[in-house]
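Colleague: Generate coordinates for the entire structure from the input sequences, incorporating the hints supplied.
Chains F and H supply the protein sequences, listed in that same order. Residue numbering for the first sequence follows the UniProt record's numbering, beginning at 1 and increasing consecutively. Residue numbering for the second sequence follows the UniProt record's numbering, beginning at 1 and increasing consecutively.
Please note: incorrect hints may appear among the correct ones.
Said to hold, decoys possible - Pairwise CB distance ranges, derived in the manner of DEER restraints:
1) G189(F) to L409(H): 42 to 50 Å
2) G295(F) to Q273(H): 36 to 44 Å
3) D229(F) to A116(H): 49 to 57 Å
4) Y255(F) to A116(H): 23 to 31 Å
5) L409(H) to N228(F): 53 to 61 Å
6) K141(H) to D229(F): 39 to 47 Å
It is worth saying that the hints were derived from the structure and are not from the lab. For glycine and all other residues, C-beta sits at the position ideal for the given N, C-alpha and C.
If you want the building blocks of each chain, they are given just below.
2 protein chains.
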Amino acid sequence: MQATILTVGDEILIGQVTDTNATYMAAALSEEGITVVEHLSVADSRQGIMGGLDRALQQSDLVLMTGGLGPTKDDITKRVLADYFGGELRFHNPTWKRLIKLYQRYGREPNETHRAQCRLPTGAKILVNERGTAPGLWMEKEEQVVVSMPGVPYEMAYLMEHEVMRRLKRKNFDAELLRSVTLLTAGEGESTIAERVERIEDELPENMSLAYLPNLGTVRLRLSARGNDEALLQSQLDEYRNHLEGALGELVYGYGKDDLASVVGRALQARKQTLATAESCTGGTVAEMITAHPGASAHFIGGVVAYSNELKQSLLGVPAPVLLDHGAVSEATIIAMAEGACERLGSDYAIATSGIAGPGGGTADKPVGTIWIAVATPERTITKLLRSGKDRQRNITFTSLQALNLLRLNL
Amino acid sequence: MQATILTVGDEILIGQVTDTNATYMAAALSEEGITVVEHLSVADSRQGIMGGLDRALQQSDLVLMTGGLGPTKDDITKRVLADYFGGELRFHNPTWKRLIKLYQRYGREPNETHRAQCRLPTGAKILVNERGTAPGLWMEKEEQVVVSMPGVPYEMAYLMEHEVMRRLKRKNFDAELLRSVTLLTAGEGESTIAERVERIEDELPENMSLAYLPNLGTVRLRLSARGNDEALLQSQLDEYRNHLEGALGELVYGYGKDDLASVVGRALQARKQTLATAESCTGGTVAEMITAHPGASAHFIGGVVAYSNELKQSLLGVPAPVLLDHGAVSEATIIAMAEGACERLGSDYAIATSGIAGPGGGTADKPVGTIWIAVATPERTITKLLRSGKDRQRNITFTSLQALNLLRLNL
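Modeller: Pasting the structure below:
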């Protein structure tokens with residue numbers, strides 16, 4: 001089965017929002033071996049949607065759409081769909097009853113814009129959306145399937161999980177399988193990694209491929225295999241994953257959907273040890289990366305965002321003379337921050353960051369991008385000086401990842 | 001001028017990475033009044049890229065591409081481009097010299113994979129990429145322009161800013177103008193907002209439109225006007241923006257690229273007052289949102305991520321009996337956290353969050369999604385109980401935005 005993802009919305013075309021729905025839908029389809037041949041984003045217009053549908057149905061059996069089903073006037077997808085499939089919009093009483101019930105919970109009543117949402121294409125199978133007011137639509141014509149979902153990511157995800165993927169699995173029994181494994185690396189760039197795995201890459205069988213996904217000091221390597229024999233694909237992936245791991249050593253920190261924070265978290269949890277953070281220039285991002293994972297409270301006790309020098313002293317115990325003599329961005333300060341976090345907060349390990357994230361605040365001596373990180377362990381404190389660029393957001397993310405990687409290498 | 005954005009990469013098609021490059025390029029083009037008619041993402045294959053180029057050049061005069069120019073073997077865009085434009089790949093000495101120089105800075109030499117990167121399509125104008133090893137390519141054929149850039153977001157952004165947009169501005173002198181203003185609202189959902197502005201929307205002139213972009217308790221309203229008379233468009237936008245503001249009142253918190261953190265930050269800075277954070281369930285996200293903005297240190301002194309009860313006591317001074325009697329997720333605790341942050345950290349205002357972000361940790365009494373937020377001001381402390389859903393990441397982001405909005409409304 002081949003699929004096209006078709007997202008509708010001027011907000012995407014003009015770059016006001018990023019199309020995360022396409023990512024979500026593509027990942028869900030790929031996991032089931034359904035090949036996504038294209039993502040298409042088109043305008044909130046009859047012409048845009050029609051043109052997108054024409055293209056999508058020429059090249060695929062399945063089209064997943066989002067956008068243009070909401071209560072507001074810029075939403076026209078369902079009108080176009082009704083026309084495209086030779087139907088019309090008709091008031092759908094079960095959907096209206098559901099809306100009345102939904103609003104009763106909040107002691108309110110649905111309004112006229114909600115009533116308009118209940119006018120749905122005849123011929124469509126209605127997919128109940130438990131997270132919002134606009135239902136999903138499932139339409140079929142000559143063995144081709146078009147599914148339309150609301151553009152709100154949270155609602156789309158609900159429909160994908162509870163309705164769309166279940167129905168597709170029943171349809172998709174003859175698919176060629178696509179299996180892949182992703183190795184996550186940190187510490188070297190794309191070219192160095194390419195050099196280290198060059199020979200392995202040259203020896204890959206025809207049905208396998210290797211892709212590089214670099215991002216801010218981390219590179220993900222996706223190894224894929226296509227075919228019909230599940231066991232063969234799995235053994236091929238195992239074999240070449242082993243080769244890659246051998247060539248890359250400790251650069252590999254995890255697999256698949258892991259990230260540095262989850263890997264470090266699991267390692268700490270396994271030893272029943274705890275972590276605290278003492279952040280200056282990263283402003284809470286290290287803590288945020290750690291606490292994004294369920295169960296973080298088992299190993300993460302908390303942290304301090306010590307943006308001002310006063311808080312570096314009062315909360316972390318950095319001695320005033322250290323700040324005075326060396327400045328907030330210095331090896332002496334970062335050591336005091338990391339060790340102070342362990343002591344004051346009572347953790348086994350601590351991560352500390354202090355630097356000039358930019359765009360302002362640089363000097364000739366310490367230009368923007370000058371950043372110290374440290375990891376305090378029960379035995380010792382390790383520091384590292386980063387020389388990053390001028391982009392604030394990039395510096396914050398890069399520093400946070402480097403700090404987590406420094407902890408990983410010293411656990 | 002009409003444009004298509006064409007991104008190349010299997011990693012996008014299988015949903016492993018989100019196509020943020022398309023967002024960036026689309027925003028840059030829209031600002032210059034260039035209409036983006038479609039975003040297309042295609043496979044790292046000759047067929048995928050050719051098919052995408054065919055489609056893009058049928059419907060537009062300009063194609064901006066990213067992806068497939070890197071040093072690794074999955075990159076084939078430039079080979080396809082050479083064929084498409086009837087050229088060939090030839091070793092480009094200036095690019096090689098630049099690479100040698102670049103690597104000298106790090107005391108290293110470019111390797112064989114870099115050498116392959118210097119084989120570039122004949123007929124292409126080479127755009128120097130100061131942030132990486134792969135140059136951009138600018139190709140023209142019968143008044144149509146195809147620009148190809150590396151897929152690394154940071155490198156693409158450099159080329160867009162320093163090369164591509166400058167060249168396009170010189171070409172794009174007869175464009176119809178698109179001007180827009182975006183109102184940012186927080187506190188009500190899409191349908192309520194739609195009801196409140198319904199009459200204004202009905203009265204919009206033909207050349208204007210209103211779009212709704214809802215996300216987690218915030219809705220952005222984009223008001224657009226198209227035409228050739230800059231002054232007229234501006235006065236139309238001003239007029240209808242005023243109407244919208246009148247109908248929406250204090251729901252409107254800002255415009256354009258603002259966010260709640262930047263708006264709150266500016267307000268604090270104007271009064272020379274300071275803010276601290278005391279976060280539990282949001283794990284540093286409020287601090288991260290605040291410090292994402294340059295100059296945050298002027299009003300943000302820092303914060304505490306008090307994940308454990310011990311740190312709520314030791315760093316924020318929450319009394320042990322309060323935690324014992326009411327629990328960490330309670331109005332009594334959230335008041336003590338907010339007021340403790342002001343006192344212990346020494347700020348004028350404080351934001352506090354404590355709740356059950358999920359997926360675990362819920363009870364019958366306090367199910368997942370039960371979250372208290374508080375804002376301490378010099379005069380009083382305001383609390384709010386949120387009843388959110390079960391999705392951890394959504395709860396964290398939603399809570400952080402609600403807390404910033406609560407501060408905004410009480411400044």
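Colleague: Is the hinted range of 39 to 47 Å satisfied by the C-beta distance from K141(H) to D229(F)?
Modeller: Since K141(H) and D229(F) have Cβ atoms about 45 Å apart, the given range 39 to 47 Å holds.
Colleague: Using the Cβ atoms, figure out if G295(F) sits within 36 to 44 Å of Q273(H).
Modeller: This hint holds: roughly 37 Å between Cβ atoms.
Colleague: Between D229(F) and A116(H), does the beta-carbon spacing fit 49 to 57 Å?
Modeller: With a Cβ separation near 34 Å, D229(F) and A116(H) fall outside 49 to 57 Å, so the hint is violated.
Colleague: Hint says 42 to 50 Å; check whether the CB-CB distance for G189(F) and L409(H) agrees.
Modeller: 46 Å, holds
Colleague: Is the gap between the beta carbons of Y255(F) and A116(H) within 23 to 31 Å?
Modeller: Holds, since Y255(F) and A116(H) (Cβ atoms, about 29 Å apart) stay within the stated range.
Colleague: Note whether the CB distance of L409(H) and N228(F) lies within 53 to 61 Å or breaks it.
Modeller: 60 Å, holds
The earlier numbered hint that this structure contradicts is number 3, and it is the only one.
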